[in-house]
Amino acid sequence: MTLPLLLFMASAAAVILLLVWAVRPPRMSLTTEEALEALSQERHYARLPQILQSLREEDTEFMRARGQSDLLAQIREERKRIALRYLNYLLEEFQMLAECSRVMAKLAPELSAKGEFERLKENLRFALTCRSLQWRLRLGLQPWDSFGTLSDMAGTITLQLESAAARLGERALQATGSGSLANQGSSNSQ
Amino acid sequence: MVEPSYLRDLTWAVTALLQLVVLFFIFRQKLFRWHLAFSAYILATFLQSILVVSAGRYWGVQSMVYFDIAWGLQGLILCARWLAVMEIAKRVLASYTGIWKLASSILFVLCLAIVVYALALSENRWYLAVLNADRAVELAMAVFVVGMLVFTRYYRLSMSDLERQLAIGFTLFSCSWVITNSLFQSPSHTSQTWWDFFQILAFFATLVIWAKAIRKALQYAPRIPAVLLPADRLGELSLETNTRLRELNDRLNHLLHSKDSRT
Numbered sequence: 001m002t003l004p005l006l007l008f009m010a011s012a013a014a015v016i017l018l019l020v021w022a023v024r025p026p027r028m029s030l031t032t033e034e035a036l037e038a039l040s041q042e043r044h045y046a047r048l049p050q051i052l053q054s055l056r057e058e059d060t061e062f063m064r065a066r067g068q069s070d071l072l073a074q075i076r077e078e079r080k081r082i083a084l085r086y087l088n089y090l091l092e093e094f095q096m097l098a099e100c101s102r103v104m105a106k107l108a109p110e111l112s113a114k115g116e117f118e119r120l121k122e123n124l125r126f127a128l129t130c131r132s133l134q135w136r137l138r139l140g141l142q143p144w145d146s147f148g149t150l151s152d153m154a155g156t157i158t159l160q161l162e163s164a165a166a167r168l169g170e171r172a173l174q175a176t177g178s179g180s181l182a183n184q185g186s187s188n189s190q
Numbered sequence: 001m002v003e004p005s006y007l008r009d010l011t012w013a014v015t016a017l018l019q020l021v022v023l024f025f026i027f028r029q030k031l032f033r034w035h036l037a038f039s040a041y042i043l044a045t046f047l048q049s050i051l052v053v054s055a056g057r058y059w060g061v062q063s064m065v066y067f068d069i070a071w072g073l074q075g076l077i078l079c080a081r082w083l084a085v086m087e088i089a090k091r092v093l094a095s096y097t098g099i100w101k102l103a104s105s106i107l108f109v110l111c112l113a114i115v116v117y118a119l120a121l122s123e124n125r126w127y128l129a130v131l132n133a134d135r136a137v138e139l140a141m142a143v144f145v146v147g148m149l150v151f152t153r154y155y156r157l158s159m160s161d162l163e164r165q166l167a168i169g170f171t172l173f174s175c176s177w178v179i180t181n182s183l184f185q186s187p188s189h190t191s192q193t194w195w196d197f198f199q200i201l202a203f204f205a206t207l208v209i210w211a212k213a214i215r216k217a218l219q220y221a222p223r224i225p226a227v228l229l230p231a232d233r234l235g236e237l238s239l240e241t242n243t244r245l246r247e248l249n250d251r252l253n254h255l256l257h258s259k260d261s262r263t
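These protein sequence lines are chains A and B, in that order.
All letters in the first sequence, in the order written, are residues 1 to 190 by our numbering.
All letters in the second sequence, in the order written, are residues 1 to 263 by our numbering.
Here chain B stands alone, though its shape is the one from the complex:
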């Protein structure tokens, strides 16, 4: 049987290679011009894996120094991921002033509520504090991205395939993190090595989604600002909608009254 640590190391090596491939695609397509935060996030994850492995070799994975470095870097990566997610949300929604104001305030409140919910649900053990906080933030991030996609679908906003794939990747990765994190905290949890393996595997799967999307990004066009109507056309649209709805309303009201007179 294959040793779990061997499997984990192999997955890590393949994932690091894939990170380089994604970075190559980003630079080839000059994607950093449109998605700077996302490009920085991918670069940061690559540096993180190099630093964490080096720290593990130097200080040992059981040492406190390693723990501090690993979780400190994880905190920075989380911040970078939030920035990348915000960048996508802004690119998709910010052209629509009214929708952007509404969505940003709703999503902000929703994320706060999710963090509070997740922390309230977590076990109060000090050694799980970092894991619990991390899980709360991951869940909030997944809800934020899906909330943004719900707004996009509800208002029929245009979204490039690249941005959609990036958003899907972020959501799936955050959800898989929440699930593996919860499995790790269960009384019958598997070993740390298996936990590492599943998390690396989830990131690998996410990178595959992103790599495919970015590779095709030759068709990627910078976001076109929302087309706003000239004043006369806008007036025409408002008038037509109102007239039509008033007619519908009048007809139905007439029916309502004819019912009353009948009975």
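Same shape as in the complex, but just chain A:
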């Protein structure tokens, strides 16, 4: 068996593996109504400063000075556990926002390949950074740098969604001029 033939067979096998992944139902899928509802729910990230404050060493350092090392360790362990749970919420929240951006993509009349690729990259990076943050917390390392990275990513996705929303807004305005958007959509699809 020559190398090219092996490569062909490997390519076919890779396509089959990708097929197995692609036909699995996604973990989360929102309708437009559900996206709206999800956006109006309570935001977990509002608790972020308190969580980070609780992770600061100086916040609990006075206990050591008072000779309460056992209590200090217990409190830090408890706070770390809460922070880890909080990170899961944060990840879920970001994924929900990504879902909303997909809902908007479905409605968009035009999508830029570069923009969509960037957003996919941001989503993957956010998930990876959250995971690394979880490991940093578990290993007792300070998570500040990773929070900075998450901040940058959230900024990027905000800009992308804003520009998508602006395009949709323009379309909505046009549609208002000539009946509802739904009517416009159905006439387009014919």
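Hints are all accurate, no fakes.
Cut-off 27 Å, straight-line C-alpha distance, at most; resulting in silico cross-link-like pairs (DSS-like, lysine-lysine): (1) B:Lys-90 to B:Lys-101; (2) B:Lys-90 to A:Lys-114; (3) B:Lys-212 to B:Lys-30; (4) A:Lys-121 to A:Lys-106; (5) A:Lys-114 to B:Lys-101; (6) A:Lys-121 to B:Lys-101; (7) B:Lys-30 to B:Lys-90; (8) B:Lys-216 to B:Lys-30; (9) A:Lys-106 to B:Lys-101; (10) B:Lys-90 to B:Lys-216; (11) B:Lys-212 to B:Lys-90; (12) B:Lys-90 to A:Lys-106.
Source of the hints: derived by calculation from the structure; they are not laboratory data.
Once you have looked at the hints, place chain B on chain A.
Structure of chain B alone, referenced to chain A:
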């Protein structure tokens, strides 16, 4: 031991019968109204097997006339299969204007790249030219269908079970074709009869998937066009998403600055 040619002929006969069964299901469910290209493809494969067997009996399977007829028909079948695949892709993606434009251009470029890759990787022997071209197109088709399914999953687009099963069948058949084609070209390849047998078997397995899906197609509903929001609801969604993301961003930025002031 069973003769390979006997096994091949038996598989061929059973497959031809199954093709008739699939055609019967298509007509009973009136599926041709929604999937005309797919229905035409199944009919064409049935006619192909009848014509190829007749040509083999009349001219002999070693003759040049038989070779021309067999591969000429295979070319036509490939075109019919592409049309059927495109029909599914259009039904699934075309309701979403932005996604359809993006996906069709990406998939087109991807398919071209796959054909170039496959041809560049193939051996440069003239008698393998038809096989190599066929394999390149089959691989491109498998990548196209899987690419379409990836888009569908990524954007959470709705897809009927029938369309999903048809797409799975097309991918598995194309991949099995690529694998058997490569095995046939290997130095220790098995006989032509075994090659025929495996390819017929792969098609048989694909037909089983399709027959099951079409039989259940009583539950099949014609594609519902994508529901587009009225302008005010759309504005509301955009506003909510932006506000929420801005808040997330502000919070995280605040944290970033508090870190800076700390250090």
